Every structure is written in C-alpha cells, then in structure tokens.
Amino acid sequence: MLKIENLHVEVEGKPILRGLNLELPQGEVHAIMGPNGSGKSTLAHVIAGKPGYTVTQGSVTFDGKDLLALEPEQRAGEGVFLAFQYPLEIPGVNNVYMLKAALNGIRKYRGLPEMDAVQFLSLVKAKTQVVGLKESLLNRPVNQGFSGGEKKRNEVFQMSVLEPRLAVLDETDSGLDIDALRIVAEGVNQLRAPERSFLVVTHYQRLLDYIVPDVVHVLAHGRIIKSGPRELALELEERGYDWLTKAAVA
Amino acid sequence: MATSTSDVQSLIGQKYDAGFVTDIEQEHLPPGLSEDTVRFLSAKKGEPQWMLEWRLKAFERWQQMREPTWAHVHYPKIDYQAISYYAAPKSSKDRPQSLDEVDPKLIETYNKLGIPLEEQKMLAGVAVDVVFDSVSVHTTFKEKLAAAGVIFCSFSEAVREHPELVRRYLGSVVPQSDNYFAALNSAVFSDGSFVYIPKNTRCPMELSTYFRMNAMNTGQFERTLIVADSGSYVSYLEGCTAPQRDENQLHAAVVELVALDDAEIKYSTVQNWYPGDEEGRGGIYNFVTKRGDCRGRNSKISWTQVETGSAITWKYPSCVLKGENSVGEFYSVALANNRQQADTGTKMIHIGRNTRSTIVSKGISAGRGQNAYRGLVRIARSAEGARNYTQCDSLLMGDQCGAHTFPYVEVKNSSAKVEHEASTSKISEDQLFYLRSRGISNEDAVNLIVNGFCKQVFKELPMEFAVEAQKLLSISLEGAVG
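So the protein sequences, as listed, match chains A and B.
For what it's worth, this note's numbering labels the leading residue of the first sequence as 24, then goes sequentially.
For what it's worth, this note's numbering labels the leading residue of the second sequence as 96, then goes sequentially.
Here chain A stands alone, though its shape is the one from the complex (with noise of 0.2 Å):
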C-alpha cells in the first residue's frame, strides 16, 4: 500500500531524511519510533505534503501512485489523512462545515455526487459517539477555545468521518494526561479494519501500550535503522536509543 523508497528530504538546504525505506501494507499498523530532531514528523508532513520540504531522491507511492506529484488536496482525495501533533485553530470557521467541505472536497476528487446537509448530519451524528467528542465542539470554529484533548479527539473524529486508507498520526499522544491518551487511543483502535493501514509516530512507546503495533521502526539519522515487532518498542524503553544509534552509525 504505502512504499517509501530511498527518500532523501532537505529543509532550507539541511538534509533530515536521508534514504528512507517502508513498506506499510494494507490493513497493519506500524509504528515509528526515535529520538527527537531523528525526522518524524518531517516522514509524516512529507506523506502528507505540507510546503516547505524539499525532496532530493526517492519516491513515495501509494497504491502504485506518486504521492509526492498531489497536491495535499489530493493525497486527502486518495484516502491519506495526517492527524497533526498541533493541530490547528481556524477561527470564524465552524467545525462541522469545514468537515462537510472536507467529506466534499473528498467526494468530488473520486467522482463521487456531494453529501447533501441531512445525510452529512446524520453521519456526523453516529461518529461522534465513536470517538466521544462532545457535540457542543461540533459546531464550535475549528479547534478554537478547545482543550489539548478535545483538539486531539477532534483530529480522531475528523479522520472517522473522512474514513482515510492511510492514517498517519503525528505525535498523537504528545501534551495528553493519561486519561486523554486511553480515549485518544480506544478512538484509533475502533477505527482499525483491514482496509485501512496506520502509520503512528511517537516519542514514547507508552501510547503503544493502546495502540498495538504489526511493527515497530526505528528511525534514526533520516533512516529506518532498526525494524522488529511490539516487544521493540519495550526494549528501547528500557535501553533508549543511543545503543541502536550508535550501532548504526559505527
């Protein structure tokens, strides 16, 4: 499903990724680890195609297709969806309407005829009970006044309504109490098909504990340095990171 070869990705001219390779079939979900400023989230904005990265070398495919010739309206076309580690507050704009364009936006890139108000209602309705997202926020503007958890629901209840094939989480656990993480997590977790693969990126292997991992990647330097399955993710709590990063570069 989604196939990373050999990426090479610059920022203002500093190389961060530097011949990445994943292979992310359908339906598993995988986790990539790693110490801080080791190019995570650049590998999840990179996906998803937020301006300002520059790719020197590599592809990115998708079912076959090269993700990085979309634009990120049309990678969303495609069914990727990026939950953001921060994500953002849109004044003015209430929340269901921008998802309604969203849904529609997505419609219309797949040929599809436009939800019309009361079915979109009616599906919105039957998601928020899925991921527990207050129905006050529903008609709130984008993410503003909301709480660091409620932002994070939201990203959860927004990727069940667009219902992606591919979905990378972006730091997800990152600013949530305990509490907010398990609600977060049991969101994901009731979202997981065989359909749909998950891409989840985390400093910590505590969020791994409620969103178990097919397996887990390690990256390290701009590369996948070490691949292995869930028991991974506990070694390096233990241990770290350093005797992986060492090893790869010696």
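Heads up, none of these hints are tricks.
To list a few chain A residues with every Cβ distance to chain B over 12 Å, as calculated:
#1 31
#2 80
#3 170
#4 246
#5 265
Estimated spans, in silico, between C-beta atoms of each pair:
#6 B:551 / A:217: 43 to 51 Å
#7 B:518 / A:171: 18 to 26 Å
#8 B:551 / A:159: 18 to 26 Å
#9 B:493 / A:171: 26 to 34 Å
#10 B:377 / A:84: 48 to 56 Å
Keep in mind that the hints were calculated from the coordinates and are not lab data.
Keep in mind that this is a model prediction, so the values were computed, not measured.
All C-beta atoms, glycine included, are put in the ideal place defined by N, C-alpha and C.
The hints should help you fit chain B onto chain A, whose structure is shown.
Below, chain B alone, put in the same frame as chain A:
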C-alpha cells in the same frame, strides 16, 4: 446588479421585445467648475429657484474649504477644473465600442458572476444603440409602492414632485458645508434617489437602486435622501456585485437618512466600483458621505456594507443618535487587494438618553492593499445610559499589505458604557495546509477562512445579497494567496 440573475435575465428578455432605439447624444459641458457651472446644471434640470440657491450656497462654502488630507490614502492631486460636471449621458464615441475594448479581467469577472452579455455591456459602459426600456418592470413595482403610499423616485423627480419634503429634509443630516466632498456634491450633484415611507408603513419590498432604471449613469455626484416617518420600516439596497466601470474617476456621493419616532432604516451596500488594474490604474476614487439621523425616539438605523471595489475608498457611514433609546448599527466588510486603499469606518454620535450602538468592522488586506478602520464613538453629556460595542478585526493575506486601526472615543457622560475589541490575524500557510490536508482545495480553504471571518457581517445582509457578497469576495480574492 447580479442579484438573482435569472430574474434579471427574464426581465431583460421581456424588455428586449419592447425595446426601442434612442439617441443618447446630448450636450456636454466642457471641464471646469464655477458659479456658472452650477447655474447651468440647475437650469438644465429645470430646478426651482430654492434648489439653485441651495446649490450656490454650497458652492460658495466649497470654495472656502480645503481637500482633507488626514485619511490614510495616497493619490495624485485632483484637478477639479479638469472635470466635466455635466457629462451624462456620455457620448457614445468616447466609450468602448464593444466588449473587446474592455479590460479582459473585468469580462472574466462578469462571466464568473454569471452576468448576461447585454448587461455586461451596460456595466462596462459600452456604447449600445438599444437602450433597454424598463417601463414594464418599473410600473409593476411602482404601483405596489404607490398603494402603500411609499415614494421612491429619482432625486430630480422628487425636487419637482415633492418639493416640500425635499426642502424639509435635504441637508438636514449632512449640511452643505459638512466636509469638502459633501459641499462639492451639494453644489453639483447630478441625480440620485429619494425615498419617503409614510407613517406606520412597512415598505412592501426591499428597495433597490437596480429597479430604479433611471438611476443608471447618474454620474459621479449622486445624492440620496431617505425619510422614514414615524413607525415605518424600510430596507434599502444600494449597488451591485458586478464591477461597474465609469470614466468618471472621482465619485463623491452623499446619502442622508432620517428616521423619526419608532422608525427603522436598514441600508445595505455592496460596492464594487472598478478598482483599477493590478497596478491600480484607472480605478475609481470613492469619497462618500453617508449619515443617518435617528431623530425620533426608539428609532433605528443600520448600515451594512461590503466594500470590495474602488481604487480609493473614503467612507464613514454614521449615525447621529438623537432620539431617546435610538439604536445605530454599522456592519462592514472592506477588502483592499492589489493596490487598493480603503479608509473606512463609522461615527456613532450619542446624544439622546439610553442610545445604543454596535460597530462590527472586518477589514481584509491582500496583495499590496492598505486597509484602515477609522471610527469615532462620541457620547455627549446628555447621553445618559448610552452604550457602545465596537469590534474591529483585520485579516492579512500575504506580507505586502497593511491594516491600520484608528479608533476615537470621546465620553462626556460617566454613566456610559463603551467597549472596544480589536484583533489582527493573518491567514497562515499552516492553516491552509491543515485545511488542504483534509481535502479542501487551496482556493476553497482561503474562502472558508475569509467567509468565517466575515460571517458576522454577512448575516446582516438580505439573503440573496449575502450569497452574492460571498461570491464576490471569493472572486475579488482569487490568486491572493498561494
């Protein structure tokens, strides 16, 4: 003008059947302004002596005044002797002969707004042989208004037919010597609209300048007077969403509103004069004086404006709140894109007891546009219990534009409450990426943010006007980001 295009189209279709050819060549006064010009104008219109004297007095005052320079706008000095003060209808050979001679960008905009071709020609000032006869439309709505006792006619007609009303109210809100441009207008105003709503009457329809066909080409010095007698209500729509071209670069209009006891006037404007090309060449200078007088108890005047056009806008629709418990409102969206300069805002003058006012101003600056909000809230000593709430927000797009806020507050009564909130925000790349990553195109993302920003004002507009205004704003901002 594009308000409910299909209706317009069907009307034009009708008119074409009954259309007739007319010769629009008429006298043309050479450039220059003197007492003789004023006399000529007045004679040309067959005005009574009192009207001429009123104009002459204004001219005399104007000669002693100086053009104001305090506004945050820059433009080359205007030579008032180089302007022709009697130029309408314009000579057809001076106009573009076909749409091919008109700025293609303008035509593109017309097409996006879905304006029919014949109407495009009218708006673009193309010389057309066929003048659309509007008699049928005109009569239908005139009958309806007459049945309600509402007077809605051109200003010239009002001077002839209703001199007692005009004499009583003309200049009673904006005196001849109020300011430089108002004085100029008072001396040489070409034509405009007159509205009178009788006591305890709710005007049966929204009055729109569009339906007053003889308002077309009223020229650069338009004069509007609306009087709402006790207990009456009227909603008046001015302007149109289609960019209008005019070879008269200077526009100095005056609008006077009078609301008597328990009367309400809602005045909505969508102003979209030609802003000039990307370098600002050829754009209209719009120096307007608009003021409403809440003369009666419990009266209310509400200004709503969406300003997207003109190269330079100098405009402060104001309310003088004399009557006890009277209410003044000002809702404004002003856009300055490319080289546009807007200095706009309002004045709320509280004189009566328990008077209330609300100001919501939304300024959008894009390209190299400069947008200034200038507002005055004055609470007189007599205005016991007066209240004002002001909200003034600016949105910046790009890094070459500017937003400026000049609030003035004068409070002379300690029981008054005055609130002022202001904010400045910028559409960030990150916000746009966030929306795009959800599947929303760049253009739609910008529109979403801008409409969210303007929502408070749009909801004050009559429904179809609001839809048009949104569309207009998105067209005016195309390519402004990314």
